[in-house]
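From first to last, the protein sequence lines are chains P and B. So the first sequence is numbered by the numbering used here: it starts at 1472 and just counts up by one. So the second sequence is numbered by the numbering used here: it starts at -13 and just counts up by one.
Please keep in mind that the hints were generated in silico from the structure rather than gathered at the bench. Please note that a few of the clues may not be correct.
[To be verified] Examples of chain B residues toward chain P, derived with CB under 8 angstroms: (1) Gly28; (2) Leu77; (3) Leu90; (4) Gly93; (5) Arg97.
Yeah, the Cβ is synthetic: ideal placement off N, Cα and C, and Gly gets one too.
Here are the chains, one letter per residue:
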Amino acid sequence: GQQLNQSPQSMFIQEGEDVSMNCTSSSIFNTWLWYKQEPGEGPVLLIALYKAGELTSNGRLTAQFGITRKDSFLNISASIPSDVGIYFCAGWDNFNKFYFGSGTKLNVKP
Amino acid sequence: EAEVAQSPRYKITEKSQAVAFWCDPISGHATLYWYRQILGQGPELLVQFQDESVVDDSQLPKDRFSAERLKGVDSTLKIQPAELGDSAMYLCASRRGTGGNGELFFGEGSRLTVL
Chain P
1472 GQQLNQSPQS MFIQEGEDVS MNCTSSSIFN TWLWYKQEPG EGPVLLIALY
1522 KAGELTSNGR LTAQFGITRK DSFLNISASI PSDVGIYFCA GWDNFNKFYF
1572 GSGTKLNVKP
Chain B
-13 EAEVAQSPRY KITEKSQAVA FWCDPISGHA TLYWYRQILG QGPELLVQFQ
37 DESVVDDSQL PKDRFSAERL KGVDSTLKIQ PAELGDSAMY LCASRRGTGG
87 NGELFFGEGS RLTVL
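With these hints in hand, go ahead and build the complete structure from the sequences.
Dropping the structure here:
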């Protein structure tokens, strides 16, 4: 099946720093979704992207749907301790399926 | 805000016992998914329903797992008998339709530990 490559696997940053992570696929997707998951909880939807080139913000979070439709990026500006968690990307293909990346674990040092 | 409801949140069981998880999707969401998530990995699809019909259960270990959504609303996922390797988070998710531009919403999950 399709694989989503998410990087980096983990990040250790200082509070106040900006963060960037990305997701790439070997296939085209019609929708990209970004989630945050905290320990013991289900993933929470942060941002949904529907069109190539689309740039969408949600507070300090900004995500982009890559022009090739094979990648997506998530940026977090001015990180704070509560940003700690695992961030997952998900892609929706033409066949009614979602595919997930393996996650980027974010650690923020106060 | 409407949410996907799941229960139980936590379940500890011994191997060879039967386990059941319940999910109530967001009202009006026709598509329901069950995922399994191993610690440190992304969710993996077990079964997908469109209304009461199974759309995809190709990754469901059918010798021990079963899922139903009899009236096209809430759903149950069962494991019988449970094995040690079944320890994982079981996530239910729902989506309004089948076409594009649909957002996928997850419940809080059911954490299973098999001893």
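Going down the list of hints, with the structure as the test:
A least Cβ separation of about 3 angstroms between Gly28 (chain B) and chain P falls short of the 8 angstroms threshold, and the interface hint therefore holds. At about 5 angstroms, the closest approach between the beta carbon of Leu77 (chain B) and any beta carbon in chain P falls short of 8 angstroms, and the interface hint on this residue holds. The criterion of a C-beta within 8 angstroms of any C-beta in chain P is met by Leu90 (chain B), whose closest approach is roughly 6 angstroms, and the hint holds. Using the Cβ-Cβ criterion of 8 angstroms, the hint placing Gly93 (chain B) at the interface with chain P is satisfied: the shortest such distance is roughly 5 angstroms.
Here the hint on Arg97 (chain B) is kept, as its CB sits about 7 angstroms from the closest CB of chain P, short of 8 angstroms.
Going down the numbered hints, you'll see the structure goes against none, and every one checks out.
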